[in-house]
Amino acid sequence: MGLQYVRRALKTELRAETSMKLFDETKKRYPVLAEHETPLSVLAVLGDESERRWAEREALTRTLVTEEQERPHPLWAALLLAAYYPMLSRLRHRIYGDDLDPEDFDQLVVSTFLEVVRAFPLDQRRDRTCMHLRQMTQRRVFRHIREEHAARVLIAPDDISEMPPFAPEAWPGVPKPKRRRHRAGADPVDDREAVELLTSRAACLGQDQLDLVITTIVRGERLRVYVNRTYSDRGADERDRIYQRLKRQRSRTLTRLRGLLADLRCPRSVGGGLCPTGPEKEEASDGQ
Amino acid sequence: MASDETRRALSRAFHELTLNLIGLFELYEADPELVEGAAEALGKVYRAHLQQRPSAPRGRGREAMDVLLDEMEAAGNAA
Numbered sequence: 001m002g003l004q005y006v007r008r009a010l011k012t013e014l015r016a017e018t019s020m021k022l023f024d025e026t027k028k029r030y031p032v033l034a035e036h037e038t039p040l041s042v043l044a045v046l047g048d049e050s051e052r053r054w055a056e057r058e059a060l061t062r063t064l065v066t067e068e069q070e071r072p073h074p075l076w077a078a079l080l081l082a083a084y085y086p087m088l089s090r091l092r093h094r095i096y097g098d099d100l101d102p103e104d105f106d107q108l109v110v111s112t113f114l115e116v117v118r119a120f121p122l123d124q125r126r127d128r129t130c131m132h133l134r135q136m137t138q139r140r141v142f143r144h145i146r147e148e149h150a151a152r153v154l155i156a157p158d159d160i161s162e163m164p165p166f167a168p169e170a171w172p173g174v175p176k177p178k179r180r181r182h183r184a185g186a187d188p189v190d191d192r193e194a195v196e197l198l199t200s201r202a203a204c205l206g207q208d209q210l211d212l213v214i215t216t217i218v219r220g221e222r223l224r225v226y227v228n229r230t231y232s233d234r235g236a237d238e239r240d241r242i243y244q245r246l247k248r249q250r251s252r253t254l255t256r257l258r259g260l261l262a263d264l265r266c267p268r269s270v271g272g273g274l275c276p277t278g279p280e281k282e283e284a285s286d287g288q
Numbered sequence: 001m002a003s004d005e006t007r008r009a010l011s012r013a014f015h016e017l018t019l020n021l022i023g024l025f026e027l028y029e030a031d032p033e034l035v036e037g038a039a040e041a042l043g044k045v046y047r048a049h050l051q052q053r054p055s056a057p058r059g060r061g062r063e064a065m066d067v068l069l070d071e072m073e074a075a076g077n078a079a
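Heads up: the protein sequence lines correspond to chains A and B, in order.
Going by this note's numbering, the letters in the first sequence line up with residues 1 to 288, in that order.
Going by this note's numbering, the letters in the second sequence line up with residues 1 to 79, in that order.
For reference, chain B alone in the conformation it holds in the complex (with noise of 0.2 Å):
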């Protein structure tokens, strides 16, 4: 289990990382299935590494990063 000090720092890290890919995707306007994916495959590690649940339902297209997002500051708000 992670400490507290680790877990801050790993949220940071998957915001940040989180921010990035929403600027590249739209930087690039990227097509929705890739927006997509890359919210699944980076919620599941995220949600994997911080023993987190998925607190909503999952985004659709060009809007599953921001919902990854929300779901990060969510969770970083509870916290």
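Next up, chain A with everything else stripped away, as it sits in the complex (with noise of 0.2 Å):
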């Protein structure tokens, strides 16, 4: 859920007539929502950061969250989430990093935002209720991004187009293969096809992207040799952490494209492989 979708499920939220009728039957209980006719103007006063509406600024937060934790509806947490945009926002702009994708961030905030609402401890804290909210989904979400970034510093796997060529020749007895052609090597209109199915079926990835997936593994040339190729003119450590950071992309980029071309997989054959064998393909010809 990202930082747009707040607005995008407050707008439904506040078309829905059951919404309404939940409003109307929460003001009953609480006479600082009882002020209100619309959930609008809720959010009006929960938008104005003046001092002059610090004190109603106040109630009516502590109301939503009272209400989210006792009776929990989209309406509250939409609610919250529209007003506290801002602030999530700002704190969305403060994260930077490889860790996680840029929409993974969006969802961290607002995540961590409504866990923060759902276990306020309103009995401890009975003031400053929205600085406390900010603070500690500040805290909460930084500490997520540094046990992040401390996990995958731990695990970084390498990347298995990085490693060493296997080599059965080096085994006694284990006849020498056949040399492979470099996939760099291959016919230039083999390359071509692929190029032009991927740009037709993924293009939504994105150029960048696809220009990736294609270098590296339609064309065959090693992550690492094209990072240094494109950015010869920086440092060997930024290098790095865009080779790093490359490598994810394409991974996510990969794990896309395998959604999207789907529907190419060639069924599973008799001998288990993924596509049929000759006499299997004969016969599906000689039966046509």
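These are calculated hints, taken from the structure and not from any lab test.
No residue lacks a Cβ here, since even glycine has one placed at the ideal position from N, Cα and C.
Computed spacing ranges between beta-carbons, pair by pair:
| hint | chain 1 | residue 1 | chain 2 | residue 2 | range |
| --- | --- | --- | --- | --- | --- |
| 1 | B | Arg53 | A | Pro31 | 30 to 38 Å |
| 2 | A | Lys28 | B | Leu10 | 24 to 32 Å |
| 3 | A | Ala203 | B | Ala41 | 39 to 47 Å |
| 4 | B | Glu29 | A | Gln244 | 32 to 40 Å |
| 5 | A | Thr255 | B | Arg58 | 51 to 59 Å |
| 6 | B | Asp4 | A | His93 | 46 to 54 Å |
| 7 | B | Arg12 | A | Lys28 | 13 to 21 Å |
| 8 | A | Arg222 | B | Gly37 | 55 to 63 Å |
| 9 | B | Ala9 | A | His93 | 43 to 51 Å |
Which chain B residues stay away from chain A? Per the calculated CB distances, all over 10 Å, these:
| hint | residue |
| --- | --- |
| 10 | Ala41 |
| 11 | Leu42 |
| 12 | Lys44 |
| 13 | Val45 |
| 14 | Arg47 |
| 15 | Ala75 |
The two chains are supplied separately, each in an independent frame; assemble them into the complex guided by the hints.
Written as structure tokens, this is what we have:
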């Protein structure tokens, strides 16, 4: 759930008849809500950061937090998220790094804020609720990012494309395999077909991502070589960071590509392979 | 001339309407010109019905509705 989703969700909630009924019912329990005919004016007060409205904003925030804790409903969550959108957006833009996708950062900020709201100790924190919500959300978000970063540094799996080639001939008695032609030297017509296929079927992935896949997967250039070639003017450390970032981007692009090209998968053959064998192909053509 | 009760009811209605519009414009990230135009039109109707004079310079852009709300609240406190 990205930050832009918050506004869309609230728009949907405000159009829902059930939400309006719920708001009218809840107004009966809270005098601070009774002053408002619709959730829109609640939103206006919550969005007013002037000192004059501090007390009203505080009272409304506590009311919405109470309702979200005791009788959770998308309307309360959406109202709180929309009211705190500027704070969440500022927090989101303070975060940068390679450990998560930009969309994941959005989702992290939103879900952390809602977690904080649902667990907020209203009995212990009796004032400055807005400030506490902000601080607790920030602390949790940054703690999560630190943990995520630490986990990635610990694991840091090697990219299979960067491993040295398997050399079976090194074992005694194993016949020397035929030397495979390097993929970089593949027939340019084959490359073109693959590129056209990717460009037509996966244009939504963005040209940069497609170029990366085409260069390193279709044309077989190693990612490390590609980075060194493309970013030759950068220092070694920066190239390494770029390499790590591109590696993650490529993995995500490949995952999305699998979904986009799912209908092209070959049926599983009798022999267990993914594509039909030669005799199977002949049988299939004979049958037609 | 409206009675005091009618004036109070009208003031409350204008106040609530202005708050609603602020929330709506915020939610839909309205164009500043739209906000300014709405504040100007609403302010004119408000002043005409309640015989109010503008108490502050007109607000600009996204601030226009907030300035109008301040004007209404100031008039309500003075009454």
